[in-house]
Amino acid sequence: MLFHFIIQSLKRGAVSLVRRQVFFWMMVVVPLLGSWFLFDLMKAGEVERVPVGIVDLDNSSLSRSLTHNLEAFKTVDIQYHFRNYQEAADAVQRGLVLGFFYMPADLSERALSGQSPTVSYYVNYAYYSPASTMFKGFKTISMLANGAIVTTALRTLGVPGPQISATLQPVLTDVHALNNPWTNYGYYLNASFVPCFLALIILLVTAFSIGTELKYGTCRQWMHSSGNSIILAITGKILPQTIIFTAVGWFIQLMMYRVYDMPLNGPPSHMMWAMVLFVLANQGWALFAMCVAPNFRLGSTLCTLLGMLSFSFCGFSLPQEAMYPWIEALGFVMPVKYFFLLSIDQALNGIDLYYSRVYYAALIGFILLPWPLIWRLKKECMHPVYVP
Amino acid sequence: MSFFRNIINWPIDVFRVWKREISLVFHDEAVIIFFLVLCAVYPVLYSLIYNTEVAHDIKVVVVDDNRSHLTREFVRQLDATPEVCVMDYVSNIQDARRLMNEHECYGVVYFPSDFTRQALGGGQGHVSLYTDMGVFMRYKQMLTGLTSVQMNMCTQLQHAKIGITSENSGGIIENRQVALGNTAQGIGSSVLPCVLVLVLQQSMLLGICVLRGGSRERRLRNRGFDPLEINTWVSASLVGKSLCHWVIYIVPTIYVLHFVPMFFDFPQNGATLDIIVLMLPFLLSVSLLGQTLQVFVNDRETTFLVMGFTSIIFVFLTGISWPRFMMPDYWIALGNVIPSTWASNAYISIQTNAATLGQVSQSYYMLWVLVGFYFVAAYMVERFICRPRYRRMQQYAAIEPDALIKEEHRRNAVDQSGW
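Quick note, the sequences are listed as chains A and B, same order.
Residue 344 in the numbering used here sits at position 344 of the first sequence; the count goes up by one each step and never skips.
Residue 150 in the numbering used here sits at position 150 of the second sequence; the count goes up by one each step and never skips.
Treat each hint with caution, since some may be false.
As the list claims (entries may be wrong) - Capping the alpha-carbon separation at 27 Å, the derived lysine-lysine pairs in DSS-like fashion look like this:
{"hint": "1", "chain 1": "A", "residue 1": "Lys378", "chain 2": "B", "residue 2": "Lys406"}
{"hint": "2", "chain 1": "A", "residue 1": "Lys74", "chain 2": "A", "residue 2": "Lys139"}
{"hint": "3", "chain 1": "B", "residue 1": "Lys59", "chain 2": "A", "residue 2": "Lys139"}
{"hint": "4", "chain 1": "A", "residue 1": "Lys43", "chain 2": "A", "residue 2": "Lys136"}
Unchecked claim - Derived CB-CB ranges, DEER-like:
{"hint": "5", "chain 1": "A", "residue 1": "Pro384", "chain 2": "B", "residue 2": "Pro82", "range": "53 to 63 Å"}
{"hint": "6", "chain 1": "B", "residue 1": "Arg72", "chain 2": "A", "residue 2": "Asn69", "range": "36 to 46 Å"}
{"hint": "7", "chain 1": "A", "residue 1": "Arg83", "chain 2": "B", "residue 2": "Asn152", "range": "33 to 43 Å"}
{"hint": "8", "chain 1": "B", "residue 1": "His258", "chain 2": "A", "residue 2": "Asn69", "range": "25 to 35 Å"}
Derived from the structure by calculation, the hints contain no laboratory data.
It should be emphasised that the depicted structure is a prediction, and the values quoted were computed from it without experimental measurement.
The beta-carbon is built from N, C-alpha and C at its ideal position, and this holds for glycine as well.
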């Protein structure tokens, strides 16, 4: 008899998915298209050729050689030569360039007479990532310019070549960006935003599929088909979705690590298992929301609200320790946070499973979360009250 | 004669639609939540999240194989930078690695044993930084801190070494960075203006779709008719509804785009009047976009499902995170037809970079183009998809009164044939 109910509720769960087109669109098309969008958008990896301008008031051989050197950089792309500061500032405001390099009229005169002129670079920080790229380019060129002048001067004094660089930079930094030496922006951002996107969809779909039963008053029938056992009813409803979402999640991981070559330095199985847990954890979370607020509208509002906010408060771009403590704490209520931390450990850094044990455990915790409260949902299903 | 009557009746119908839409909005708490509460709460939440702007004191550990005066001075200076916090010394790289794996620190600074000898003895002393790349801002901050200490150290050592030569070695070109607009260089001041515009757009889209879902649900119960709908020309209906949404959004727009940046000290260099004028075509085009997209919404709750995820796509299309000039052409093209792309970039120029409306005229005109574009699109959708659909519903209901409800139940897997 139990077996009969299991089969019946699973069948009902599966059939309800094909009855409405929206499930196909939301469970398969949107996650795949959405993650492809993010991968494809940032496939160039690094921001390059930022549109910038030059204000050269000096027009000397020194300033021209600086401009030439800057043109050779791949970080910036000199699109305009402005006659004065006002023109350049106007172009920034119009959005034609994102920054400009300013050389004063007395640049070479002061440089050659030892009076330390100043070159300035104006960087529009309204756009964060091109601004950092631009800064890098401008900074390097200024340092190089400096080097060129001092090198010439020291050479005239008879200082041998290797000693010149030692004199200029006695301390050198070697920066090792571990496991993402290309500082590829796509690799970094997609590791968090793509799972978060998937999580949002899972939360919405789970809440929607349970909510429609409440809304259309079909929950009595739903319970009936699983022998009035809420556990069977939930399993039958959720499990077909789990299978689809896991398949979609694995496909996204395939795109991530094989097609778009994001770093995967640990065993693939760790991430694949994490994906299974991640799907289940999000379903558990949505179920929990529906148990806390057994009402279609409230439950799905809760899922949308937190699903959307988790892009921001889970510490993907602003690190968690920099946030207000209560917001940092809020990040830990979402499964995607743990999945993100776990994927840094297991995919990016490929460290021992031992160090990520807490994150796996947390994901399992989310799966168990709704079960103590499941009676609330059962009560609602047996005595449905729909308030339009 | 009827032509002249139409000329008189059209504006009257527009007004009737406008009035009905206002009453529908204010009698529907879900729509009020989207139109007003969402606009009130979301910007504040986002501002609070990003209000700290930058990360300070990123934790690093030091592995010092040199243990000299110079390395200790270096570490002291590094610890004193706002960006980096030196958590501890450990004896070797393996221990440092373990601390990183345990998420105790995010970077390792390593001095080789010949550091001082090289740095002071005519060579170059290398200091290595190993950073975790999980979150880019940490990497950037560690890099900034380390570079500033390195340059400082270089200057000190240069003076010690070539004291006299440097006097004669020609002027050293100084350089300085001037941050435009977002002078704090914070992530909040950069992302927030864009998010604020997006909140306006998405909340309006959600609200419009919920209204449409409600209308369709009324049609199901009333044999294909919506008793609350004004029966009039498609164009009058579109114009009336758009004007209604536009009027309702005046207050939220001023609150979100003027007062929220003020509360949280985000850059606010633009003229408020320019912003309001910029928002006129924006709100109209969003309303018409909503009336185009509502064709995908069947009942009120589907709205979340259909509209929820679009925010992410739209945010990325504006180019705030990944710049537009790096995007493939087809994504730029897709971004061009979304009102938020033009509005948020123009808003950032005005608010952050103190541009005038004249300087962002391209975005302004493009928004008017989008108003036209989505008017045509919404007209087509309403005229050739929605209205024929309603007529079909009415025909089915005329044959069998319960047909619509039954069909709806069938779609929700309520099967009569005995489970």
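Quick rundown of the hints versus the structure:
Annotation: proposed proximity of A/Lys378 to B/Lys406 holds, straight-line Cα distance about 26 Å (limit 27 Å). With a CA separation close to 14 Å, the supplied pair A/Lys74 and A/Lys139 stays within the 27 Å bound. Simply put, B/Lys59 and A/Lys139 have alpha-carbon atoms about 26 Å apart, close enough for the 27 Å limit, and the pair holds. Proximity of A/Lys43 to A/Lys136 is assessed by CA-CA distance (about 21 Å); at most 27 Å being required, the pair is judged to hold.
Between A/Pro384 and B/Pro82 the beta carbons are some 57 Å apart, a value that agrees with the proposed interval 53 to 63 Å. The hinted range of 36 to 46 Å is satisfied by B/Arg72 and A/Asn69, whose Cβ atoms lie roughly 37 Å apart. For the pair A/Arg83 and B/Asn152, the supplied restraint of 33 to 43 Å holds, since their beta-carbon distance comes to about 36 Å. About 44 Å separates the C-beta atoms of B/His258 and A/Asn69, a value inconsistent with the hinted range of 25 to 35 Å.
Hint 8 from the earlier list is the only one contradicted by this structure; the remaining hints agree with it.
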